[in-house]
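K.L.:
For reference, the chains in residue letters:
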Amino acid sequence: MNTAVVQAVLGGAFTHQRGRLALSVLAIALGVALGYAVALINAAAVGEFAGGMRTLSGVADLEVRGPRGGFDEALYATLARDPDVAVASPVVEVDARIAGRDDALVVYGVDAFRAAAVTPALVGAADTALDLLRPGAVFLSPAAAAWLGAGPGGTLTVQSGVRDVVLAIAGYAGGDAGRRFAVMDIAAAQDAFARGGSLSRVDLRLRPGSDAALARERIARTLPPGVVVAAPRDNAATTERMSRAYRVNLNVLALVALFTGGLLVFSTQALSVVRRRAQFALLRTLGLARRRLVALLVAEGALVGAAGSVVGLAAGYGLAYAVLRVFGADLGAGFFRGAAPQIAFDAWSALVFAALGVAVAMTGSFAPAREAARAAPAAALKAGDEQQAFARLRSPLPGLVLLAAGAAATRLPPVGGLPLAGYGAIALMLIGTLLLLPRIAALVLARVPAPRAFAPALALDQLRGAPGQASVSLATIVASVSLMVSMAIMVASFRQSLDDWLAALLPADVYVRAGPAGDSAYFDQRDQQALAAVPGVARVAFLRAQALVLDPALPRVTLLARDLPGDDPEQRLPLVGETLPRRAGDPPPVWVSEAMVDLHGMHPGARIELPLAGRTWPFVVAGIWRDYARQQGALVVERATYVALTGDRSATDAAVWLAPGVTPAAFRAALDARFPEAARAALSTPGEIRALSLAVFDRTFAVTYGLLAAAIVIGLVGLSSSFGALVLARRREFGVLRHLGMTRRQVGAMLATEGAAISAIGLATGLTLGFVMSLVLIHVVNRQSFHWSMALSVPWGSLAALAAALLVLAMATTVASARQAMGGGVIRAVRDDW
Amino acid sequence: MDRRIFLTMPWLLAAGRVRADAAYARVERGAALVFPRDHGSHPDFRTEWWYVTGWARDADGADFGVQVTFFRNRPGIAEASASRFAPKTLLFAHAAVADPRAGRLRHDQRAARAGFGIAEAAEATTDVRVDDWSLRLAGDTYVARLAARDFAFDLAFGAREPPLLQGEGGVSRKGPREAEASYYYSRPQLALSGTVTLDGRARRVTGVAWLDHEWSSEYVPPEAQGWDWTGLNFDDGSALMAFRMRARDGGDLWAGGALRDAAGNVRALGRNDVRFAPLRQWRSPRTGFVYPVAFRVDAGPVSVELTPLMDDQELDARGSVGIVYWEGAVRALAAGRPVGRGYLELTGYGGPIRL
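Which chain is which? The protein sequence lines are A and B, in order. Heads up: the first sequence is residues 303 to 1136, going by the working numbering. Heads up: the second sequence is residues 37 to 391, going by the working numbering.
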């Protein structure tokens, strides 16, 4: 048949609904853009990080590493003499705070003689090799030089303790590793950063013919507690895994955006199909095969999807570029510090997300297309057939099965560290509820008492008579409202929990960090005394942060040695659940964060061993605390215990209680006067820390807020489309009503009632479903992704306001779309049949 | 003498420029060397080396040149460091084997800062090691063990005579200024025996070798372009060391040597007693540098012609220690008749040795 005719008929759809089509395209574009941007940023960051790691680990077959503070350097001699080891290269790694900046640079102290054979990227490029050994000389990677805005001939000032160390930039190192770091002689690094006697790492190159796995196993058995041996690529994998949950969550947001986009396509197409019902029937009678019609309509959806994908890919690329420029490689989450990635067009993921966008749009248009093709052409050519499109009321069984499956899925453990079952549960619940919508509508409407006014009563009767009709309108609003509500409750709970946590964690008046970044800053014992002696200080509690390797396959966990009040050490910890009473004869207590429970299987009462200062010491897990700061897990021990076991008396942080009447500003002035070195330390009040933390939180969730707004708009547009479709389908009904004597106003009132009823049912269902989904987000998805719990905190007020606003908006939308759909020809529409 | 090759290493070039925070010990005329103490290392001095070169013959009658060197350097930086990694003492080792059938040198090296038992140079007697490369003196026998990239040595060098003190009682002048001197003694006519592993095949070898032990804090004259050196073990049991320092203007800047006869009588040779006359040039196909690989050497009463075991004994160490030189096994001929075997060292032919 004539393609021109087909094109004319189908093309009409596009000209008629430009606004809705544009929105559909934008919704698809939003999902594609978000997904593609996440993929690009991640590819850039992970790729660069892994590449940099490869460059930096050179030809090392194995890597021996221990706590952040290092292990006894005597181990180097043992490893170097190992029969399987060809070259052992000792490394001191310091995250050095850059003086005057709230930033740190990784400084590797290496023995150039050894590193040259194992990790050549860690050897500076010097005219004379002796320059590499000079105590004050440092070599910067090109990325670090660019970042610092300094180069050979200049100086680099870093903080060690609370004092400055000035290093002369002697040249470059690292080739094209693309990462920010500096290299200096190992002895100089030990001296400059008070790391005498300890190493952070020993890189091993094995003899040709040595079996790496056997050597690794054998070496592992000889290592002191807290020191592990692993292949460098395992460490890269560990780092990659750290950021995975974060990335997956962003990708799920992208999928949610795509899903809502699909819903929008669905409702838009549903409306457009109803509008063109007679045209399709005409085409069918002219010989267009049913399958061909479906294909044509699905192709329409594909076109929308393709347009959305193209816009989305471009926007995603721009978004990724902007994010990398603004936040750097680490997505603002601190996973990839030191990496300086370049964004590169990734054809493969572009293809995947474009295909997803098209597929979603095609799926969205498939159901309306089938409905259109299903109609018998002869009947459809006649008016009054449209209601069939929405007439069928399906069995509730599939919906109920899906809901049950969703509930069951919340019980499943994470898959590969990812909360896939949790996301699955949410999807199942959503789809299950959508399938049940006609039933729900029928159930609710059956219980609504008949209103006395004529128009509303008629509206109710209409809805009761054909609950299936409402389900299309309901679907979009339920989906968007439930997604929005679940995220709103989750974010609100998280924010509230974070706020409470900060309040519990920050009881003092002022907090002093030796350095705001890196691990090179600390207070030695003299500094601590000086700090405590500053006038106006009532009491000081110190904290020593350390990082331990408990499991070679997992990232280091943080050990916090804190001065805790002797009588009740636990009052200063944001504990969750029961704590263990202290019993005589027990080893010293350790309080573990929730991540330690999830990742390391610790539980209250468990006897554990911690590697400190090259030995293992028994501890008993006394309680679990909530930690939003360290995803990989953290342990708290009393500082007195830590000092007794390790002899390490230095501190990284101090909590200061001021005497009555002393302000933080007065304290700062007194501190500067009495302890000038502390000028390098960062001083903050709990209020500042809280404001900063919440600001960071809000920034992190800004994308979520944006999506919430988008979900609302999409939901309303969807509602408008589908309601418009409904009204259009019933034009003859209205015409009859008008002929029977109902006024325009009365028909309007009837439609407004229907709109209000549908909106109210949709909102109520969406709110309920959203609440349930928020529980899944909070207790399953978040816990499994980030290993922290949060208390449910429902923002009733804002939810109520939002619901009311939505109800009004939904009613207004339905009335407006009803008006538009009725147009002027309602009365004439009746005549179409005659 | 003048195994000054290591002096030209970038390490030392730099050390010359640096105002070292170390107070180096000075070479004093008249100070007597005491053994076995002076077989050991002298960490107060800036540089020191133990340099073994020898001719080895396997069961098939094939000749090889073998060379093992351990070098100690005190760069004078990080003297105040409290770290056990402080680079107060650096140790290098270098080994080469000249196999005429291969036609070129195989060589390898090791470098490390002293410490942790990984690299050490004992003071009591010769006992120096870098990783699994070592040279030790036990009784009158030196033992060198090392496994290089494509060869390995397990060699003993038996001394039959007391050390040959160079210069004035072991103080050897290197240039026109008095400070340009070193403590220097040689062990000629060492009986070489042991195993050389080449291409995975261990060969029992015997032969004759030469050891130099030299330490100092200052020496190479700034005007030097390079030097020629030879140490020869004559078949009659006598031995000759001769060197000349070449000036940049082409003339001889300094020269010297020592001759010991079979009976053990030593004659010191002054700067006018030693002459090197090139006989034949060889151009390196790799670097394009031209070396006089054959010489007529006149040293006191001795006049010999030196011809190389093979022409290509060039050591291109630019990738590691930064210089290219020629260090090779040579035969000594008198009136066309072989009279001895030894080593010849030629430096400064790829451009002046810069200081």
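Simulated from the structure, these hints should not be mistaken for laboratory data. Think of the CB as a built atom: it goes at the ideal place given N, C-alpha and C, for glycine as much as any other residue. Mixed in with the good hints there might be a few duds.
Computed far set for chain B versus chain A, every beta-carbon distance over 10 Å [to be verified]:
| # | residue |
| --- | --- |
| 1 | Asp80 |
| 2 | Ala114 |
| 3 | Ser117 |
| 4 | Ala118 |
| 5 | Ser119 |
| 6 | Arg120 |
| 7 | Ala147 |
| 8 | Ala148 |
| 9 | Asp167 |
| 10 | Val179 |
| 11 | Glu197 |
| 12 | Gly211 |
| 13 | Gln261 |
| 14 | Arg319 |
| 15 | Val326 |
To give a feel for the contact side, a few chain A residues facing chain B, derived at Cβ under 7 Å [stated by the list, open to error]:
| # | residue |
| --- | --- |
| 16 | Gly438 |
| 17 | Asp493 |
| 18 | Arg546 |
| 19 | Pro700 |
K.L.:
Hint by hint, say whether it matches the structure.
P.N.:
Hint check results:
1. In this structure Asp80 (chain B) is separated from chain A by more than 10 Å, as the shortest Cβ-Cβ distance comes to about 19 Å.
2. Separation of Ala114 (chain B) from chain A is inadequate, the least Cβ-Cβ distance of about 5 Å not exceeding the 10 Å criterion.
3. Separation of Ser117 (chain B) from chain A is inadequate, the least Cβ-Cβ distance of about 5 Å not exceeding the 10 Å criterion.
4. Not every C-beta of chain A lies more than 10 Å from that of Ala118 (chain B), the closest at about 6 Å, which undercuts listing it as non-interface.
5. For Ser119 (chain B), the shortest C-beta to C-beta distance to chain A comes to about 4 Å, within the 10 Å cut-off, and the non-interface label is violated.
6. Residue-level check failed: Arg120 (chain B) sits 6 Å from the nearest beta carbon of chain A, not beyond 10 Å.
7. Residue-level check failed: Ala147 (chain B) sits 5 Å from the nearest beta carbon of chain A, not beyond 10 Å.
8. Not every Cβ of chain A is farther than 10 Å from the Cβ of Ala148 (chain B); the closest lies at roughly 5 Å, contradicting the non-interface assignment.
9. Listed as outside the interface, Asp167 (chain B) is inconsistent with that label: its C-beta sits roughly 8 Å from the nearest C-beta of chain A, within the 10 Å cut-off.
10. Consistency note on Val179 (chain B): stated as away from chain A, and its beta-carbon is indeed over 10 Å from all of that chain's, at 19 Å minimum.
11. Non-interface call for Glu197 (chain B) relative to chain A: holds, since the shortest CB-CB distance, roughly 37 Å, exceeds 10 Å.
12. At the 10 Å boundary, the C-beta of Gly211 (chain B) stays outside the reach of chain A, the nearest C-beta of that chain being 23 Å off.
13. Every beta carbon of chain A lies more than 10 Å from that of Gln261 (chain B), the smallest distance being close to 20 Å; the non-interface claim holds.
14. Interface exclusion of Arg319 (chain B) from chain A stands, the closest Cβ pair being 29 Å apart, more than 10 Å.
15. Residue placement check: Val326 (chain B) keeps its beta carbon more than 10 Å from all beta carbons of chain A (closest about 27 Å).
16. Among the interface hints, the one on Gly438 (chain A) is violated; its C-beta lies about 10 Å from the nearest C-beta in chain B, farther than the 7 Å criterion.
17. The beta carbon of Asp493 (chain A) comes within 5 Å of a beta carbon in chain B, closer than 7 Å, and the hint placing it at the interface holds.
18. A cut of 7 Å between beta carbons decides the hint on Arg546 (chain A): the least distance to chain B is about 38 Å, and the hint is violated.
19. Checking Pro700 (chain A) against chain B: minimum C-beta separation of about 70 Å lies over 7 Å; hint violated.
Violated hints for the displayed structure, listed by number in ascending order: 2, 3, 4, 5, 6, 7, 8, 9, 16, 18, 19.
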